[in-house]
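Engineer: The primary structure of each chain is shown beneath.
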Amino acid sequence: MSGAGPQLAPRPEGFALPKGRTALSHLLHALNQPLTGLQCSLELATAGPRPTDHYVRTLREGLDLVSRMRVLVDAIRELSEAYSPSPDDHHDFRLETLLYDAAAELQPVAEAKGVRIRVVAHSPLPVCADRTRLAALFFRVLDSAVGLTREATELKIEAEPERGSARVALTWSRGDSPDHSPFSRPELGLLVAQAQWEQARGSWTETRSGDHQTCTLQLSLASRKRHSSAAVTGGQQ
Amino acid sequence: MRILIAEDDEALARFVRQGLEGEHYSVDVLDDGEKARSAATDSEYDLVILDLNLPRLDGVSVLRHLRLKKPSLPVLILTQRTRVEDRVQCLDTGADDYLPKPFSFTELSARIRALIRRSHLPSESVLQVGDLKLDRVQRLVERSGLRIDLTAKEFALLEYLMRNAGRDVTRSMIIEHVWNLTFDTTTNVVDVYINYLRRKIDDGHATKLIHTVRGVGYALRAPAEVLASGVQA
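Protein sequence lines correspond, in order, to chains A and B. Going by my numbering, the residue at position 193 of the first sequence is 193; the numbering climbs one at a time, nothing skipped. Count along the second sequence starting at 1, add 1000, and that's the number in my numbering.
These aren't lab readings, by the way, just hints derived from the structure by calculation. There's no promise every hint is true.
Computed footprint of chain B on chain A, listed as stretches where at least three residues anywhere in the stretch have a Cβ under 8 Å from a Cβ of chain B [stated by the list, open to error]: (1) 33 to 45; (2) 130 to 137; (3) 183 to 195.
Note that beta-carbon positions come from the ideal geometry of N, C-alpha and C, so glycine has one too.
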């Protein structure tokens, strides 16, 4: 039976997963923990006759372990897919429109948590990228960020041009660490989004100061020439 | 109702078969693509569950063949992939739905019910459930003759629930079809939007149409169906 290695010990508060491909090996190690738990509990349950409530408890615990494994397997699969190039469908559009759309859709969810989403974008950010893919990516980033933001605080999103790039900075105050951190769904959601963003040739940096966390995403702006000759879609404010 | 499962993983096929037989479907299991293609073409099935990675003939080839020979036969694809483009490719090839592994039996069962029902329904421009009407062309919604204003997302959500009226839909099905996302969200976005919709559709009406189905998701049911199913509002 595989044992829990040192990687499986409880993580200190604020532990962050390494990024990039190294994250994959950490996730695979993390998978060992619920898998071992499941194997042991099934072995114990089938080792001899047990009272009915023991089987019921084993099955319930088994389902919990399976749901933890599922979160990890989903993240492993999505990370692997993010690192396998697939064809992009590039279009010119304004990046800030995706932020407004995602923020508007998640506003009711944030409100239910007492979180205010504030988007600050004063200048257009024309980019040439796969709009559908980035729309899903921004939804995921905001969805994860809302999930990690402390109740009754603000999730601030600033979008502006900076030296030929579109720069999007999301800042929030972290709430209590989610269950199974750093392998919780919102944290893994950000990890997968980062891999997808970097595959779209964007850069992603994360900084923490106290309980404040900032993710900064940058992507090259579309060239002025193409921008002026192509119809740029979007423009919601 | 007769279902063909084309799946070469013996244990998985056995569990799915056991679950579906428990729901009173008649189930056949085949473990390679060639046998599945012949059986699905020559026999009468109400639905085919098709794994993409089959020996002897891959699932996509089976699907292409079925689309030529039996265009209206519902096909649900089981796959290891989750990317949007993989889903689009499956649907473009002619699959009716797509479920990535690992999946829960509840999820599979809900999708099968939705698919079997959809295959028997005409595509209507006006959907009606009880006294609730939704005009997909005019984009109007009214209940008991009173107009209800919905946001675009609320409209899409209600349309999806009405297209599957009388059937349970899971949160994953809603996220996938209404939000066009292929991952599980962190937040309870579906529940929040369902609550918004409930306020607009059901508040002030003695008969509630939107129901929570514990352990599954939601269902929109006409009053007679509610009595028959015993779901909770």
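Engineer: Can you name, in rising order, the numbers of the hints this structure does not satisfy?
Structural biologist: When the structure is compared with the hints, only number 1 turns out to be violated.
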